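Reassemble the complex: the two chains are provided individually, in unrelated frames, and hints are given to aid placement.
Here is how the chains run, residue by residue.
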Amino acid sequence: MAKHARNNQIKKEAVYIYSEDQLGYKFSDSHPFNQKRLTLTTDLLRNMNALSDDDIITPRMATDQELLLAHDERYIDMVKKASQGLVTAQQTESYGIGTEDTPIFPNMHDASARLVGGTLTAVDYVMENKAYHALNLGGGLHHGFRGRASGFCVYNDSSVAIKYIQEKYNARVLYIDTDAHHGDGVQWTFYDDPNVCTVSIHETGRYLFPGTGNVTERGTGEGYGTSFNLPIDAFTEDDSFLELYRTAFREIAEHFKPDVIISQNGADAHYFDPLTHLYGTMKIYHEIPKLAHQLAHEFCDGRWIGVGGGGYDIWRVVPRAWSLLWMEMKGLPLPEGDLPQEWLDRWQEESPVPLIPTWFDPDPLYEPIPRKAEITEKNQKVLEKALYSIRSQQD
Amino acid sequence: MIVEEMMKTNVLTLQPTHTIKDAISLLRENKIRHLPITDTTGEVVGVISDRDIKDATPSSLLDQQSLNVHTVLLRDIMTKNPIVGHPLDFVEDVATIFYDQQIGCLPIVSKGKLVGIVTETDLLYKYIELTGAHQPGSHIEVRVPNRPGILFEVSKVFHDHHANVLSVLVYPDVANEANKILVFRVKTMNPLGIIEDIRKEGFDVLWPNMPGITK
Chain Z
1 MAKHARNNQI KKEAVYIYSE DQLGYKFSDS HPFNQKRLTL TTDLLRNMNA LSDDDIITPR
61 MATDQELLLA HDERYIDMVK KASQGLVTAQ QTESYGIGTE DTPIFPNMHD ASARLVGGTL
121 TAVDYVMENK AYHALNLGGG LHHGFRGRAS GFCVYNDSSV AIKYIQEKYN ARVLYIDTDA
181 HHGDGVQWTF YDDPNVCTVS IHETGRYLFP GTGNVTERGT GEGYGTSFNL PIDAFTEDDS
241 FLELYRTAFR EIAEHFKPDV IISQNGADAH YFDPLTHLYG TMKIYHEIPK LAHQLAHEFC
301 DGRWIGVGGG GYDIWRVVPR AWSLLWMEMK GLPLPEGDLP QEWLDRWQEE SPVPLIPTWF
361 DPDPLYEPIP RKAEITEKNQ KVLEKALYSI RSQQD
Chain H
1 MIVEEMMKTN VLTLQPTHTI KDAISLLREN KIRHLPITDT TGEVVGVISD RDIKDATPSS
61 LLDQQSLNVH TVLLRDIMTK NPIVGHPLDF VEDVATIFYD QQIGCLPIVS KGKLVGIVTE
121 TDLLYKYIEL TGAHQPGSHI EVRVPNRPGI LFEVSKVFHD HHANVLSVLV YPDVANEANK
181 ILVFRVKTMN PLGIIEDIRK EGFDVLWPNM PGITK
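The listed protein sequences correspond, in order, to chains Z and H.
Quick note on this note's numbering: the first sequence kicks off at 1 and runs consecutively.
Quick note on this note's numbering: the second sequence kicks off at 1 and runs consecutively.
Hints may be right or wrong, so weigh each one.
[Unchecked claim] These stretches of chain H come out as covered by chain Z in the derived footprint (C-beta under 8 Å, 3 or more residues): (1) 53-62; (2) 184-192.
[Stated by the list, open to error] Facing chain H, a subset of chain Z residues (Cβ under 10 Å, in silico): (3) Pro32; (4) Phe33; (5) Glu93; (6) Gly151; (7) His181; (8) Arg206.
In short, the hints are calculated from the structure, not lab data.
Everything numeric in this text was worked out from a predicted model, so none of it was measured.
Using N, Cα and C, we set each Cβ at its ideal position, and we do this for glycine too.
Next up, chain H with everything else stripped away, as it sits in the complex (with noise of 0.2 Å):
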């Protein structure tokens, strides 16, 4: 997937010379956290975070409440010339920006011109798209030795009991170097015959699978 097929194109952008106080009411009335600072012409200039305006204004439990820091300009505070991305961006690449470099969004560029943003929430989301969580189906885990062909021979049982796949991921055994964990979601509430099948084909299917019990 690329980032055009996910961002979001509908965003909010504040000018380097708004102040705190205009940022603050804009990330609590949209319930946001990141807001890209663009100029008059459209470019990404900076991005402020709701960190950066806790880390510009004092503390709430302390007396002294200094309003005049409402009043600070954005461009003194902002992360300048933030990291962006583009619309053609594949979203692993995403991801692994955000990992590594402990980023909350990414403004999306293409022609010079912020066309769209990407945030760590939309990110999970999409996650647990992939997981086929949001819509009715069983779950199932196998446990299968890690060699070439292995999924044809799993999904073949799919296939025969006409079952439609919600999705597939693949995990590393962390018992077991030679082994992956295949886990499916499957469309159907009675799993039962597709279980008895894999079992057929030699593998282990953990249904569910919790320490010291067997059922």
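The shape of chain Z in the complex, shown without the other chains (with noise of 0.2 Å):
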């Protein structure tokens, strides 16, 4: 599996970024948000013997120099005063924290600037060519503004990496978002520049936050047509939902041409999902990840690097749909069948829900959806005029 890279040392596969401190980022104990996701996933990959010792990389911090590559100075000294309790909620609120949905808590600059620094740790292998692919499952912070948190994201990671890579590496990115929400955060730092086209596919904002994400905010100035937005109908299923990533992902792939891929992958597209309205099944995240590694060997020769993001059923969709993104990223066959019974039985007790026992969900999940000609039919519009501009060119 291993190759050899220029500098003669293994080249891996892919590394899996990851350390205990990353479960720091934690509001309070009843907050939707909540990073028990990674140790649910690290430990049902360990009991599939899919994660060793030796492909986990502990994340560094981001430093402030880092951090400003995408946020302002006035806002990152308020995190850092509001981590230590020196201001209080009123004074911060207008930077997005002390709110309900990103409440201050303590050491709230550290934990934050330790997932931006574990997607920074998981760009410099993939562009050292240490790795082929990286994956930083404590990431995907899509939300986070220049000057402001919001939903429940306090730093971009992604925002910082991207400028990162751009400046340390002079690559060109394209950033695929499938969390069930608009990736507005890092639309928004990148609206206006050629050389990163961000996607994003979610639910509509017709009722979901963050309410963005329209088919026609396509960039602006010398960034028009970089920017790619596919929302998505509430109680959309498996088949709308990938075909409209399959196609999108490609034909904007072969287009614009990336040095690098970024995925953001919440997984909160699920039925089960508790904020969202899409009908996703676990079908999705056995074929979200194989399509971006595919493109990342196709287009970037390998180079991709993965994030996490949304995800708020964290017993039983996130494990496994993270899982499954570590294991196609490893080249490991993807599982079916039962999960293993350790790790059913481990987290059994503490799950208020019974857990899911099989890779795949139980079929059929839900009731059928009365719609589901219409919302297809509605979707295929959106895909068509989302990639109306891209496919002109080439007539």
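Next up, the structure:
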């Protein structure tokens, strides 16, 4: 599996960026964003013998200078002060922290900077040819804005990492975001940049946060035509989701010709997810990483960085979805059939819901959707509109 | 909101003695559709729209292009004595004028001079701002009985959850006149607690509502 890199060190297939310190990004016991997901996923992979100590790389912290690539100094200062309890929620509210979504917690700055550092560690492994692929499941905080927190996200690790890639490695980046929420923070950071292409497939903003991500948001100025949005209807199921994902990702990659792919792998498009209204099953989490893997080899000599993201059913959905992502990245055959009994036994007691004992979901998982044909048709129209500009250039 | 808070003050104008050709190039270069026509003292004497131009010029499908048309003076095709507004007019009234009179722009005049312009596009953007759709938020619709005090009862839930409301709209319920639909945009990614508490108060939360489907 391992291949020789130029520097004669063994080039790894993939590295898994992880340390227990990443669990320090914790708002409260009752907050839906819960990094226990990382423990559950890592433990599941260990039980599958899919993750060894050699695979795991400890993330570093992002420096202030690195954070400044995508964040304002005043905002970083405010997060630091809030971390130490030096300011009140009233003073920080305009920065999006101290809110119900993003409450202040002890050592907030360090914990947030560490998640960014994890993605930067992943970037360095891939861009310095030490590994083909790298995964930081602690990252993917795509709602973070330049000067304020939003939607559970303090610092935006993908935005910082893309700026870092541009500065240090001068590469063209394709960012693909399959979280059920629009990847607004990353999109707006690079909205006018022709060398970064952002693609987000998400539930429409009709009801769901953040409400943006319309198909007409295509970038601005020199960056016009390098932002793509695929807002899909509530109740969208596997086949329609995958049709849009596969078609758009491939056509956009062929058009943009990236040097490196960053995929954001929020796992909240699943039927079980409490915050969203999409009807995905585990099938999409088998398929999403496969195509990212394939396109990374086709277009980028394998350079693929994966990050986590949303995912609020931390027991039934996220550990399975993210384990599949790592196994695909590592080049292992994707499992079917049963989950390891040891893992189920260990966590069932703590889980408030019965765990799903198999890699795929029970079929059927839900009652049939009455308007499936219309939803599928509507999503196809969205796909056509999103790709209109690149398709018309080819004709 | 009053007109002076939203009007564009940097207004492009032409005089009645300019030609159709002048108007065509100014409209095209600036991607606009309306031009107030002023006299030398700055008083509005007419309006030219892209529609007036189209009516006055021959079809582009005709072989015989009559270029003479382009030298016609604007005073001969402009709408004379157009409807104008005042900086202190209410924005709601402007919307009504656009709707009733079927016009697309309103020159704003104060002390006899042109001071601004409001177009349908400007008004539409104000509407987008009103719905709060330009800021990150979740969208919650609540069906409530049409009686006094109901908004307070619902908004109390937002207060209890320390949730920042970006916008509130009240719609009639087309299905039942005894009800209203309240539409909130709330600055939160996790509206579940809010929705649960609104339901506990006995109201119907439509989130998301698609006929035939409930999750």
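Here is how each hint holds up against the structure:
1. 53-62: violated (count 0)
2. 184-192: With 7 residues close enough to chain Z, the hint holds.
3. Pro32: holds, 5 Å
4. Phe33: holds, 9 Å
5. Glu93: Hint holds; glutamate 93(Z) Cβ to chain H Cβ min 8 Å, cut 10 Å.
6. Gly151: Holds: closest Cβ of chain H sits about 4 Å from glycine 151(Z), inside 10 Å.
7. His181: holds, 7 Å
8. Arg206: holds, 6 Å
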